[in-house]
Amino acid sequence: MFIFELLVQGLIQGGIYALIAIGLTLVYGLLRILHVAHAGLYALGGYCAILITNASGSFGLALTCSMIIVGIIGMVVYRIFYQPLLDKAPFVALIASIGLFIAMEEIFRIIFGAYGLTFSAPPLQDTVVFLGIYLRQCEIASIVLAIGLIAGLSLFTKYSRIGIAWRATVTDPEMAESFGVDVIKVRYLNFFIGSMMAAAAGSMVALLNNLVEPTMGSVPSYKALAIIVLGGLGNVRGTLIASLAIGIAEAVGTIYLGNILDRDSIAFAFLIVVLMLKPQGLFSKG
Amino acid sequence: MKIKSIISCLFSVFVTSCFALTLFAADTIKIGINVPLTGFAASDGKSALNGAKLAAEQVNDAGGVLGKMIELVVYDDQASPKHSVPIATKLIEKDKVVVGVSGSYSGASRAAAGVYQSAKVPYIAAYAIHPDITRAGEYVFRTSFVGEVQGRAGAKLVGQSLGKKKAVLITLNNDFGKSLAAGFKEKAGDFGVKILNEYQYSIKDRQFGAIVARVRADRPDVIYATGYFFTAGPLVSQLRAAGVTVPIIGQEGYDSDTFIKIAGKSAEGIIITTSLDRDSDDPEAKDFIMQFEKKFNHKVDMVAASAHTAVKVAAVAIAKAGSPDRKAIRDAIAKSEVPASTGIISFNALGEVIKDVQVQVVRDGDFRRHSIIHDPVLLAPPTK
Chain A
388 MFIFELLVQG
398 LIQGGIYALI
408 AIGLTLVYGL
418 LRILHVAHAG
428 LYALGGYCAI
438 LITNASGSFG
448 LALTCSMIIV
458 GIIGMVVYRI
468 FYQPLLDKAP
478 FVALIASIGL
488 FIAMEEIFRI
498 IFGAYGLTFS
508 APPLQDTVVF
518 LGIYLRQCEI
528 ASIVLAIGLI
538 AGLSLFTKYS
548 RIGIAWRATV
558 TDPEMAESFG
568 VDVIKVRYLN
578 FFIGSMMAAA
588 AGSMVALLNN
598 LVEPTMGSVP
608 SYKALAIIVL
618 GGLGNVRGTL
628 IASLAIGIAE
638 AVGTIYLGNI
648 LDRDSIAFAF
658 LIVVLMLKPQ
668 GLFSKG
Chain B
10 MKIKSIISCL
20 FSVFVTSCFA
30 LTLFAADTIK
40 IGINVPLTGF
50 AASDGKSALN
60 GAKLAAEQVN
70 DAGGVLGKMI
80 ELVVYDDQAS
90 PKHSVPIATK
100 LIEKDKVVVG
110 VSGSYSGASR
120 AAAGVYQSAK
130 VPYIAAYAIH
140 PDITRAGEYV
150 FRTSFVGEVQ
160 GRAGAKLVGQ
170 SLGKKKAVLI
180 TLNNDFGKSL
190 AAGFKEKAGD
200 FGVKILNEYQ
210 YSIKDRQFGA
220 IVARVRADRP
230 DVIYATGYFF
240 TAGPLVSQLR
250 AAGVTVPIIG
260 QEGYDSDTFI
270 KIAGKSAEGI
280 IITTSLDRDS
290 DDPEAKDFIM
300 QFEKKFNHKV
310 DMVAASAHTA
320 VKVAAVAIAK
330 AGSPDRKAIR
340 DAIAKSEVPA
350 STGIISFNAL
360 GEVIKDVQVQ
370 VVRDGDFRRH
380 SIIHDPVLLA
390 PPTK
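Sequence order for the protein chains is A and B.
The first sequence begins at 388 in the numbering used here and counts up by one.
The second sequence begins at 10 in the numbering used here and counts up by one.
By construction, these hints were calculated from the structure, which means they are not laboratory data.
Heads up, the beta-carbon is just placed ideally off N, CA and C, and yes, glycines get one too.
Be aware that a few hints might be false.
[To be verified] Partner residues are not named here, just some residues of chain B that face chain A (Cβ under 10 Å, in silico):
#	residue
1	50
2	209
3	213
4	217
5	219
6	223
7	226
8	228
9	247
10	249
11	252
12	265
13	267
14	270
15	274
Input sequences plus hints: build the corresponding full structure.
Below is the structure:
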């Protein structure tokens, strides 16, 4: 029973990781850029959710607006910071991304204050007892949202025209372009969807913790990198499974290894063990 | 011609202002302060700086010290030793401060303490709790409790005042959490408290689902959870949401209005050990709380009160020393008997503060007095 409870907690955390890491793996898959500033967009999503909820009283509206606003800002980030660097060595974009991420943290602090923000009346906090497990409504909502968004994304890439064009571009950009796929449009779409999912994760974490802080992106900024490496860089299915696996490893590890290793070390220890056994990650594209 | 005259005009303004600044600088007594104004600890840094500013302003309004105004020289150390060490050198060598104050965390303060000690400049840690800070030498002092001392007070509170006997510890695994937990564990047995289990978490954690599930299974009758307001807020909410209703005991890390904002209704009834008594009858504390809230439009917290105390102790010592001589100021600090917002401050031979522990409880969305632990034997700070 207790193990079941740990599994559920691991899935909640894993779902959040998945929402963040999928955006990152999409960007890597398409442009070979390690988009560290993605974690800054995740934090921005949290800020938008709290500010809009406090102003309007509706978390649903706030979540939707936050996803759209951050999605658009994601496209702006691509246009201003990455597009001019595409023909440079990959580390140039990585450095730009790290710089942008640090700047974002400090901008959040200057604009929204060092103490962080909280919901004035946090929604979805009632507890539901399900099979002897205590879950808050917001925890259930975050699992449902993660499943919904990831399923939606997979349907979109499988069946919609632009989704198919997207997959084609990831597999072979030149060939896709010669078949008339608008590569530029695909890149914007990529940043929009990736950033939107990060905003969803940020909004749900804001709700789970009733707190957003300027530095809330610092853990996801590196942990999401570990997750996409584990999942085989650029592989969406692999990223999803790796996120859930790390979520569960952390939940179980916190209890049984918590006095030796902290939560972050557990994730990285897991990464090292997997990479020793499968150097290409769990699901490399070969 | 016009451009030339504008440039020459600007130049003369620049020269005059530089001259004015030098004149002004020579007319002040400088106290250096390192605080985290950016990075993860920026919220505590902001509170600490505001507390320090208020203390300096109050001293200056009352005529300053040695016939001069106090000037705070502030640098951002990001709560990191990597920054606090060069800052300490700069404050001592370039800014020529007569006293240094740390408004920062233990790591940064501990590293800077060595620099102050070797330069023989007094250094006062406002709220950093690692025991090694004052061990740097006779020039280093601390105006708040060592972690172990506050942990022992927690054990007495749990075992004696609340009469709870089965405790679970949830420990933040940095020097802050570990030293508090060590003090608690050291004295728990003396007050008949049995420790069922201890779980550790990192400062970056905000999701405690796994620990909460485990604590529920342990069925303790009290929880001693160390942390800062940004970890404690989510932790307390998640414990309460999971149906854990037993008393939760926190410490000075909880002591911020933001903790109550994060935890909301779950904060009600949470008891903490700290340095600041909101319901104090002492005029120093009352005046500090009133002035701080008026000036900064933000509720007071322990960090602000501690930095206020440290700057006040420094100012009183400078006045008592009668000169800006650093050795004379050090000797005056060592003999302090200063009424401040966090109590009457005096130091033992190691430079550790001797004072009572304040116990506060959250009631109707505010910290209120629960009790005061006065036990000079239990609360005796280390002497070497």
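Results of checking the hints against the structure:
Because the smallest distance between the Cβ of residue 50 of chain B and any Cβ of chain A comes to about 9 Å, under 10 Å, the interface hint for this residue holds. A distance limit of 10 Å between C-beta atoms decides the matter here; for residue 209 of chain B the minimum to chain A is near 5 Å, and the interface restraint holds. A hinted interface residue such as residue 213 of chain B counts as satisfied when its beta carbon comes closer than 10 Å to some beta carbon of chain A; here the least separation is about 5 Å, so the hint holds. Here the hint on residue 217 of chain B is kept, as its CB sits about 8 Å from the closest CB of chain A, short of 10 Å.
Checking residue 219 of chain B against chain A by beta carbon gives a least distance of about 4 Å; that is within 10 Å, so the hint holds. Restraint check, residue 223 of chain B versus chain A: the minimum CB separation of about 5 Å is within 10 Å; hint holds. Against a cut-off of 10 Å between C-beta atoms, the interface hint on residue 226 of chain B holds, since the closest Cβ of chain A lies about 6 Å away. Taken as an interface hint, residue 228 of chain B does not check out: its beta carbon lies about 13 Å from the nearest beta carbon of chain A, beyond 10 Å.
Residue-level restraint check for residue 247 of chain B holds (minimum Cβ-Cβ distance to chain A is 8 Å; threshold 10 Å). Nearest Cβ of chain A to the Cβ of residue 249 of chain B: about 9 Å, under the 10 Å cut. The hint holds. For residue 252 of chain B, the shortest C-beta to C-beta distance to chain A is roughly 5 Å, which falls under 10 Å, so the interface hint holds. Look at residue 265 of chain B: its Cβ gets to within about 8 Å of chain A, closer than 10 Å, so that hint holds up.
Interface hint at residue 267 of chain B: satisfied, since its Cβ lies 5 Å from the closest Cβ of chain A, which is below the 10 Å cut-off. Taking 10 Å as the C-beta contact cut-off toward chain A, the hint placing residue 270 of chain B at the interface holds, the least distance being around 5 Å. At a threshold of 10 Å, the smallest CB-CB gap from residue 274 of chain B to chain A is about 9 Å, leaving the interface hint in force.
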